[in-house]
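Heads up: the sequence shown begins at 647 in this note's numbering, then just goes up one per residue.
By construction, these hints were calculated from the structure, which means they are not laboratory data.
Heads up, none of these hints are tricks.
Straight line, CA to CA, 27 Å or less: simulated BS3-like cross-link-like pairs of lysine-lysine:
1. 759 <-> 884
2. 738 <-> 759
3. 1049 <-> 945
All figures in this text were calculated on a predicted structure; none of them were measured in a lab.
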Amino acid sequence: MLKSIIRTTYAMVHFPLVLCIMLLTGVNTKAQVSDIMDKSILWASDFPGETADAKINNAIERAQNTPGNNVIGIGSDGPDENGMWILHQSIKLPSHTTLILAGAYLKTADNIKTLLLENDDPDHGNTDIYVIGWGEAKLDGNARKEPERSGGAVHFYNVDNLTLEGLQIGATAGWAFTLENVRNVHVSDLRFFQGNEHPWQDGIHVVGPASTVVINNITGTFGDDVIVVDAAMGRRGKGGLVRGVTVNNVVATNVWGAAILRTIAARGKPVEGVYCSNMTFFAKAGGADAAIKIGWDGKLTEFKDWEQPSPEEHKNIVIENLYIPHWEGPVVTTQNPVKNLTLRNITATHQGPFFYNLEHQVDGLIIDGCHSTLIGNPPKTIVSDFYRALVAGNVYPLSQEYKGTFIRDPPGTVAFDQALIQDITITNTTFDFRGETSSKEYPIALRVYNTATVEGLFLQNVRIKNYHTGILIDQGTVIHDFKHSDIRYTNVTHIPPTHP
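Can you make the complete structure from the sequences, with help from the hints?
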């Protein structure tokens, strides 16, 4: 019954193709057309083999020996309990292959460390691979709370023209989807079910070299970063330029407290052209790390050649239309130098800073149309325990020693220190404080430490509400070309005099 429904649906979804077949063959009903099209789908359940692995591999082998593109179907009629397909090895997809998961439930076998899906020729590369989920198609990594368990994920390496859509995935031990050394990629309509069985239950990692990647309609729960754009830390390869990544329509719940987005560049391995829009981020674990992490401050032993990039190697990043109803850490931190970063229409309620540059050069920052609501008890809560551990090197080894004083001298809601800051524009933005504090100075809406050198700071139509201090430019700060207009204060205790 399910296959019959699937066949008819396939014909209806591909109606232009159906129409062409009808015209060319004289067939005059969609049912007849779906029967013709179904003959090109090799259903794994129709092939011999006592195990799921054998049936699927036999279907792939037959498809490779059949003229034309390969279309393989895996349905809900698996050979294992409740119709599942229990995998002891990964499904390796050749070029020019479409894998249709029609209500299929694929699960990693107990005590097996393996991927679920990958391409079959990572050394020479593959092209034109499509994984399409219909109905309740699910990839289950079978992650359990056991030490040293990894696998149950998806890793495509060296693929041109890759499509992944309509899938559920979880729980995995490690990154769920790794798309490395890929070009012309479309990922859509994925639902994640990570359960915090292991750390690093990230959603989608785009790992360099990579270009022209579109990610759309992502939902679910995650145990670490939801979307990562990473030129630096290759898995199979050595990383490389990532250019042209678009992410739209993400609604994510984090069960561990990491970011909805992270970008990572390195010296000689640039990231450029990342556009993210229409995202909502919930947190079950509070969120002590930043919700948006622009960069990576770590220096892991397996990446011995890792160095911080220049701003020119980490640039043109746009994040807009983001809603975060509660977050206990910073909203945005820059952990690599960055050029041309735009934050637009971000609405967030948070305890940490709205934006903090963590001592890295910022060359071109626009904060526009944002609404920041600071809660908690600043200055006590403005620096989370995570960031105290981070600067102490207790989270991971750092690429450089922090020189700043933000642990004992906390930042403002927007803060710059220990770096060259160029061309910063804050417009049409509200900073509102709704927490409690006994401090006579905190919270501070905007702070520039005297360790920063600022060349170009422009504020227009900015509203500051219920803060003790509106704008604090530390004595001794080197600041050039500071202009402001229409700064509106409501219930602010310390309104600065004319600024330098």
